[in-house]
Structures are given as structure tokens and as C-alpha cells.
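Residue numbers (my numbering), protein chains in the order written: chain A, 28 to 613; chain B, -4 to 318; chain C, 261 to 565.
Do not take every clue at face value.
Think about it this way: if two alpha-carbon atoms lie no more than 16 Å apart in a straight line, the pair counts; the simulated EDC-like pairs of lysine to aspartate or glutamate are [what the hints assert, rightly or not]:
#1 A:LYS188 / A:GLU128
#2 A:LYS188 / A:GLU145
#3 A:LYS188 / A:GLU106
#4 A:LYS123 / A:GLU103
#5 A:LYS358 / A:ASP520
#6 B:LYS3 / C:ASP401
#7 B:LYS4 / C:ASP401
#8 B:LYS127 / C:ASP294
#9 A:LYS117 / A:GLU103
Note that these hints are calculated values from the structure, not bench results.
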Amino acid sequence: MIAAAALTGVASSISGVVASADDDSVVFTVGVTQDIDTLNVTAGYLVIDYEIWNLTLPTLTDKASADFAVQPSLAESWEGSDDGLTWTYKLKADAKWSDGEPMTADDVVYTITRSVEEGWFNHLATTGNLTATATDPSTVVITSSAPDPKLPVLDFYIVPKHIYESIDADALATYPADDNVSGGPFMITERSESEFVKLERNPNWYGEQPKIDQVIYRIFATPEAQYTALVAGEIDAIDDTPANLYADVVAGKVANIEAIGGNNGSFSELAMNNGCSTGIGDGHPALQDKLVRQAINWAIDRDLLIEKTLAGTGVPAYTIIPSANPAFDYKIPDGVEPYSYAPDKAKALLDEAGWTDDDGNGVRERDGVELRLRYFDRSVGTGTANTGFITDWLGDVGIATDVSTYDEDTLTALQGKGEFDLFTWGWSPFVDPDFMMSYMTTANVPTDPDAGGYNDANWCNADYDALYDAQHIELDPDKRAEQIQQAMQVFYDEAPYAVLYKYDLLMSIRSDRWTNLVRQPSGTGPVLFNQGNLSYLALTPKDGGSEDSGSNTGLILGIVGGVVVIGAAGLFAVKSRRKSADDDRE
Amino acid sequence: MSPRYLAKKIVGSFVLLVCVLIFNFFLFRIVDRDPLAKYRGRSKLTPEQKESLIKQFGLDGSKWEQFVAYVKNTAKLDFGRSFDSRRLVTNEIAGRLAPTLLLVGISTVVTIAIGLWIGMRAGWKRGSGFDKASTATTMVLYSTPEFFLGMLFLTYLGSRTGWFPIGGIRDITANYSGLEAMIDRAHHLVLPVLTLTLGYLGSYALVMRTSILDTAGEDYLVTARAKGLRDSDVMKRHAVPNALLPSVSLIAISFGFILGGAITTETVFSYPGLGYATYTAIGNSDLPMLQGLFLFSSAAVILFNLIADLLYGVLDPRVRRAG
Amino acid sequence: MTSTTPAPIRSARQVTWARRRLATGRMWKQLRSDRAGFTGLIVLALFVLMALAAPLIADRSELRDDSSRGQLPFRPPSGAFLLGTDGIGRDVLAQVVWGARVSLYIGLFATVVAVVIGSLVGLVSGYLKGRIGALLLAVDDFFLVIPFLPLAIVLAAILGRSPNVLAIVIGVTSWAGSARLVRAQVLTLSERGYVDRARALGGGGRHIVVRHILPGVAPLIIANATLIVPGAILAESTLAFLGFGDRQSPSWGRILGDAQDKSAFTSNAWWNFLPPGLCIVGVVLAFTLLGRALEKIFNPKLSGR
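Chain A extracted, bound-state conformation (with noise of 0.2 Å):
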């Protein structure tokens, strides 16, 4: 019996290291904590899917590791008008999907055109006001019906037309997007729901082909779990450290891992109903004041958030983050006091909007109406860390808040109906500030409950407005950025947020297996998951890093499978031992 188990655990360690030895193809296996809400490119939204989009769907020009420069992908060359509103994009010839059909003009004419007609909300905001022919197979004619800074700049992912053809615009609202029709480096080759993605390379990929064979996403539920699995040599990245572990990553005392987080602009902050949209909603009309919205800005203590919640990787930021790029990040002028955690400024300002605590109950009123409003708290996220310091602050200056609890899109909800006074959120910016920027415009706000928009805060103002439009339309890259600049001074002034702090993404590599790590933007940016797939491009395994867990395995497995087989044994012997002993007194 013994000797059984033995031979089957010596079988198994060996068959383990024999199976390692044969498999010579380079494998990147990433960790996350979220699957793929959707792989359809017309209704998915979470970084998952654009990470997995950015390597499977073609874009007519990229974007530069070290500064987000414009450089060629689909697009080799491109040429455009005077007036700036026309721009011709000449294509790679002999460009192919990776089921061999051409990638041609038509695909990138018939994504624009209908992506327009139907509303995808991942192209319009780039494709909204684009028109587009195909003059021949490979060059494409685009014009804009307003002028726009962002061309030629134009990454949005371009879809297979002969696939997209034959699915009308309902069937494909629930199309899962299985086709594994690629125009990138990689070409999904397996699913499985909770557990992974697997990516192997696309041999018809038109770009610099990688030097990885394979790249597999696997799902984790939790980030402790995914840290775990990368220390113990199951997997080589990872997308989220825990915060609490990642301070010891990056001073090194973690053998073979090495932190490459980053910062993508990424920023939470508390958000607040300012009560624009008329008629729809209820938000409290204390948060219509200025003066109230800046005062909670005084009442938060930014850096303890920073120092508990983030282990100290993020900075302060006081208004949104317009982009990815820090060049657009908004500078105080001199003489402006950031701000800080001040409560008796709080206070003070709240004594001067009219709102005091008469009958001592440490809430404040005015005209009979108590300063209490509705703070809704994320499910998901590291928002929810927050919560208990903010209300404790809210609490201290005379803010009274009632907490409850709702998932992502429920919450989506109750803001497009207006139904909210004070919820945590965070946003993340793309590389051109229109996008981030027009958020917050009027236009956003939601004006029918049942439409939503983007404006989650409810802020109107007409400043913001006028300057937004002005940048929208202005070619010149430094009158842009100053307009940009001034239209920040607004947010910084009117508080429609309480923008808390801008968060490093913290990721970590085995960095005894992968080298030539490239950061976009470089020396701040992210290796992973960030704006495109040239990390991807350019991530090269080191020599002798794969095999180690193979054998490791093959090893445990058979002590285990030894342990198995006698512990069975043993219980079986008890058994029949029982069975056959006829005394058994005691």
C-alpha cells in the first residue's frame, strides 16, 4: 500500500518536470481582480477590456511611451488640410485580421460612419463629428465638422466590417463578442468566465510582433489573493497590489518582485449634487451654496486619506485630473492656499452660508432644515476605505450624513435621476483633456431621469462653459493649455467636488523573469494598463526565468498526491480493521 503511494508521488514529480522542459513558449500571465464585464467594444467600459481592446483591435495612429507624441499604427503616414478640418490617413498595404481577411479603408469608414449613426459611447467622443471615405484600400479621407485640436490623433478601435456586417444595430447590444476576429498583436484564443483569458499571438498582427507567445489575464477575487499567487511564482504581474504589502515591494524587501505602478491621473473624489438639473431630483439645497462645498473641501484631511487609504501612494489633488498626460495637471497660482484640512475654516464658512447649530445637537439648520445629507458609498472600490474617516470629519464640523450602500450601476442610476446629495467615485482620464473636461460641462448634465449623463456632479456653470468650447476648437497647443488651466481655476474656485487625491496604480512584476519594462508617460506612467499595447511590444523575458514553477509543481503534486493515496489507505485499513476485530472492549 505504502509503497504504491510512493511510486505514484515519484511518477507525478517527474511527469511534472518532464512537462515543463517541453513547453518552450513564453508565457505572461497577469493577475486581476475584475473580469470582463463585455469583449464587445460598443458596450464594455471596465480597464479589463480596454487593456484586452488595446490588444486586439488596430487604431489608425498610437501614442508615444515617453510623452503620448502621435505615432503611426494602422495609419503610416497622414496629411492634413489648411484649415485644419480634413485630415488623409494613409494605411499599411496588405494589412490582414487575423482570420486573414484585409484590413482595409472600408473598416475604418464603416466603424466611424456607424458608430456615429448608433451612438457607440466609446467612439463618439472621438468620432462624434467625423465623416470618412475610402478613396482606395488603403487610404482614407476623414473630415471634421468643427475644428478639433485632438486630430490627427484618432486611437479609436477600428472593428472587423465583414464580421460587424451581419449584426444589426439590436443584436448588437447583447453581442458577446466571440468572434476572436483580431487586428492587434494578440488574438483571444480562450475564455473562461471568472477564471481567465487567454491570448496567444497574432501572426498577422501589421506592427512589430512581440516577443511573447502568449498572454493569459487571470481572474482573482481578491487583491491579497493575486499578491500571493505572484510571490509564490504562479503568475508574473499583477494589476493591483495591496496597498499595505506595496510599500515593501518598492523598498525591495520582497525577493524577485518589483513594483512598477504608476500614475495614469486616475483620482477619486467625493461628489456632490449641485442641484442644476431643475425639476429633476432632489439633492439638498444646502450644496447649491459655494460656500457649503467649500467648506467640506476644508473639512477633509487629504493626506491622513492618502497615508491610511493609499499607504501613501497618491498626492492631493483639489480639482479634476484632465488627463492622462501630467503636463495638463492644474497648477495653484501663487498666492492661492491649496486646500487643507482646516475644520474651523469648515465651520466658519458654513456659519456664513446661514447654517448653524441652534438646538445643540451637533447638526446644523437653517430655516427648520437640517444640514443632513445622503452619503452613498460604492460597493467596490477603495472609495468605501473613505467613508468612515469623511463622515466622522462631516460629522466634526456639524455635516450630518446617513450611509448606505449601492453597486456601480444602481448608483449610475440614482445619479441620472438626481437622487443624491454626496457619493464617492474616482474617474480616469484619457491622454486628451477634452474628454475628462467636457464631463463636467452643462451639456452633461442629465435633464431627463431617464437618460443619465455624464456630469455627475450636477454642475452648471456658465464659465466653465465658455471656457471648455473655447479649448474644444483652439489649434494652438499653448493657448489650449492655458485655456485648460483657467477653465481648472473655475472647479478649484466653485468646489462642485471634493476632489480628493490622485492614485497611483500599483502593480508588480517577477522582475527575475520579464525585463525592458516601458512606461507611458516615462518615468511616471504605468507599465500596464496604460493608454495602448507597446509595453506589450516591448516586455522580454529573461533567460531561464519560466521553468522554475513547472518543477516546483510536479514536486508538490506528488507529496501530495502520496498524502492523498495513504491517507485513503490509512482510512481504509482503520476500517476493515474495525470490521474484523471482534473484541474490541474498553
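Using the hints provided, position chains B and C relative to the given structure of chain A.
Leaving out everything else, chains B and C in the frame of chain A:
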């Protein structure tokens, strides 16, 4: 077992199922979740798009019409589409069923074997050292929250020692097949199975022990002993089979319950089964998924209760006669 | 116990109460002699004491998130912090001690809800055996069949997560077992002939239930209640751990959930997760031991074990 008994039990189960169906429908209509929310925040829907989406998610028509559609669809095993993945709920559930069955099946078998054995031994030798020690241990295990046990195992047997993988169901980078694949799966199952087993061990052992103690004083056993039959024979041939009866029920019923998803264990181990699916569906307010999962697990419990009742009817002569 | 001196004339009620006091005294003696049960009672008393003494051990302000200001996370136990600090630097002892209040409160309140509903349903369905009884039985079956955890989470999502609401939600999802038990006992008692005799003597329904059935069922309900508390406390801690409980109150489950979020397990900050975990085990075990002892006392047939 009389046909009347059988019929009564089956009809009862069916009625129960219908009640669950109705409850299911209304429970998830009360939850204020707007399936179009995902689309709203991000884009302006045209009226035609809205209408088509509403139709697809089955939200058109009056509550009564929706209910009728719901019943019809359920009969066809069509639970609609998940709000998140937009795939058919039936397919989503089917895809996660196997891992959960594997986990729950193995755990149940191991728990039954060990739990019953412990209970038998402890009950038969009441007051012995074994009885005291095993009862104490099982009671402590019974009092430990499943997630706590799971986290301790994951940390101390998984990450600290490296003996076992950190969750998941298999090694997805290695392309194992055949025996290797099975061993890999077994390797990944050890900790979750250990967690579930130890968690439920207590109940089985205690019930079995109680049953044995109950029957130990019964007349026919006294008779058997007086006739000179040896203790172990008496236990084997008379006490155990009778003591098994309540355990049979407990086993069947527990299997049904756990099938509904060992939510905590699967979540702690990132194990992609029905339990983990329930956890993510709740977090995302994915109503069609929740409705489907709910129904599935209730149906499983009803089914296994029925099986338990029928088994009882076959095994227990008293019930058989009462019909 | 007989007395030789002529006893003063007592009213029927006095006699009943004297009998009850005697019975209670006997029960107490039995409990004292049941080592496991008595240990459970003592442990329970200690936890209750800890919960009540919370303000003396740690000031309420130590529960605030910003009480972590200036303190390092995951400091091991020391003079200043007997159970060290948690993932953001708060005093773990303060949380565990105040957490006792939350966990015990929710556990007990949920049990009360479950027992009240269960007993009512059991009593009525056992006594009124007709159609109403059958209907209630069906309702009971239904609640036995519904998967508890998802239902509790969904209800909490709809109704809110304050401690009271959570307790009600847990209670509402846990009463089915009690009802069965009570109903069975009611049926047994009915068959014993009290009911027929009482009816023959002219007693109405309510009188019979209150005077005859309830006293027979009460001990069972109490014993059963003691065994429901463990389930309620485990349920609350599971909900809190998964993140579906009340985030603002330091229940032991929530402390564990936070510990896991902040990677206490990976950092081996055992002082953060072992104390709350062991507290749960302790309280649940205590209630279980006590409950089994009470069961034995109230059901002499079981005392063979």
C-alpha cells in the same frame, strides 16, 4: 413505500417549487436595479434603442405580463441574459456547475465518511477519551466561521508554505492533460475541500452520535445484547442502520444546501463555481443571474429533500407502514 | 420535597408560581452539574461583561478611522496597544471589545426575531391543524428551502444595513427550523390529552394555548433559541466579512473583513485576525454548549448523553 406516500411527497415538492418561482420573481422586482443604468450613464440612448433593450431584458409589459413571460421562460429554462456579461444565464450556470459539483461532491463524501465514523465511534463508546476529544474538536469546528477557516488555510497552508496553490481550480499556464490534469485539479481542491469538510464535519458527527445514543437504549438492542451478541456485531447490524436514518436525511438535505453554492469557501479561494458566481452577481446586482442561481439552488434543495423523504420512506419501516 | 408543617392556604396562582420556582431551582442545579453547559454559561457571561465594560476599556473615539492618526499600521501587541494596531493603525483591542456589543446585539436580536416568528407559526400551525395550519407549514417549508445567504444579502441590499435591519433580515431568514420544532411539540402536547380535557372543561382556544401549551413549549423554545444564536452570529459575521454588513460598526466579522482587505493575513498580523475570529468561535461555542445543556434539562430523554 406506498404510492400514496410517494405521490404526496412529489406533489408537495412541486407546490414548493411553484412558490419559490413566484417569490423569486417578486423579490428581484423589488430590488431597485435598473438594467439600463449601464447604458445610461455613458451614452444617450435613442428611444428605439431603449425600447429594444427593454424588450431584450423582458421589462416591457405590465407586471402580470412580465410574470407570465417569466413563468413561460422558466419552463423553457430560459432565465434571460446576465446584465453583466450579456450571455444566457443558463449557459453561465451550466459553465459553473461542474466545479461546484466537484467541490461539493468530494467534500460531502469525505465529510460523511469521516463524520459518520467519528459519530458512530463516539456514540458507541460514550464518555470514552475518543468521545470527549472528538466531540470537543467537532464542536469547536462547528463554531468556526467557514471564511475564517478558509482564510487560515489559504494563508498558512497556501502562501506561507507553498504547499498548495493560492486558489483557482487549475494551473492555467501548464497544459496538463489526463492524469496530470486530474492531479492538478485535486491539488487545487485540497484546501477548499478541507475547509468545507471541517466546517460541516461537526454537524454530521454530532447527529450521528446523537442517533447512536438514541438507539443505544432501544429495546431490540438490549435484546440483542442479552442474547449474547458481541458489542461490535450489535452496533454493526442493528444500531448503525437505524441510527443512519436521520443522517440520511441530513446528508441529502445538506447536499442540496451546499449545492446552492458554498459561497464563502469559493470566494475565499477564487474558485469559479456557483457560489462565487452568486457573490459576484450580488455585488453587481446582476438580477437575471441572481434569479437563475436562486431558483437553481432552491430547486436543488427541494429535489434533495424529496430524495431524503423517499429514502426515509424506503428505509424506515415505521414510515412505510404509516404511508 | 414534602413539608410536615401545615402549609398556609395558597391561591392556585401562587401554587403554580411556587411550582415553577421549584422547577427553575432544579434546572439550575442540573445546569451547574453539566460541566460543558456551565462552562458555556460562564464564557458567555464573560463576553457579556466585556461588551458592557467596553467604554471602560477603550474610549468610543478610538473607533473613529482617524484615531489612527500618527499610528503605524500592523504594529504587534505592546504596552500601549494590547492587541496591536490594524491595517490603518487603529487600536485592535478597542474594536474587538466594542465589536462584542455589535455581534452580540445583532445575534440576540436576530434570534428573538426568529424565535418569535418561528414560535408563532409553530404554535398556530400546530394548534389549528386545518387549512391555516397547512398553509403555515407550507410557508415554513418554503423558508427552509430558500438559500439563506443570498437571500439575506439581497434583503440587506434592499432594506439597508443598519444593525437593526440586519438583525431582522437574519431573523427572518432563520425562523423556519424553530417553527418545525415548536409545531412538533405542540402536536405532542395536544395528543397528551390536556387539550381535550381543557376543552371538555370549557376552556377556549386562547386559554388552552396560553395556559397549557405554552408552558409545555416554552422550555423547548428557550433551548432552541440558545442554539439559534450561534447561527445568527455566524451569519452576521459572514455577511460582514463579505462586505455586505454595516461597514460603520466594528462587528467581529467586519474586523475580519477589513483585516483581509488590508492584507493582515499575508502580513501575518495575527493580532488583527485571531482575536476577532477566536471571539466568534468562543461565543458561538458557548451558546452551543449552553443550548445543548438546556436541551438535556428540558428533555429528560436526552439526558442519557
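We went through each hint and held it up to the structure:
A hinted pair counts as satisfied when its Cα atoms are at most 16 Å apart, and LYS188 (chain A) with GLU128 (chain A) qualifies at roughly 10 Å. At roughly 15 Å between alpha-carbon atoms, LYS188 (chain A) and GLU145 (chain A) fall within 16 Å of each other, so this suggested pair holds. Among the hinted pairs, LYS188 (chain A) with GLU106 (chain A) is inconsistent with the structure: their alpha-carbon atoms are about 25 Å apart, more than 16 Å. Taken as a hint, the LYS123 (chain A) and GLU103 (chain A) pair is honoured in the structure, with Cα atoms around 15 Å apart against an allowance of 16 Å.
Note on LYS358 (chain A) and ASP520 (chain A): the hinted pairing holds, with a Cα-Cα distance of about 13 Å set against a maximum of 16 Å. For the given pair, LYS3 (chain B) sits about 14 Å from ASP401 (chain C) by alpha-carbon distance, which is consistent with the 16 Å threshold. In summary, the hint linking LYS4 (chain B) to ASP401 (chain C) is supported, as the alpha carbons are separated by about 12 Å, within the 16 Å threshold. For the suggested pair LYS127 (chain B) and ASP294 (chain C), the alpha carbons sit about 14 Å apart, so the restraint of at most 16 Å is met.
Among the hinted pairs, LYS117 (chain A) with GLU103 (chain A) is consistent with the structure: their alpha-carbon atoms are about 6 Å apart, no more than 16 Å.
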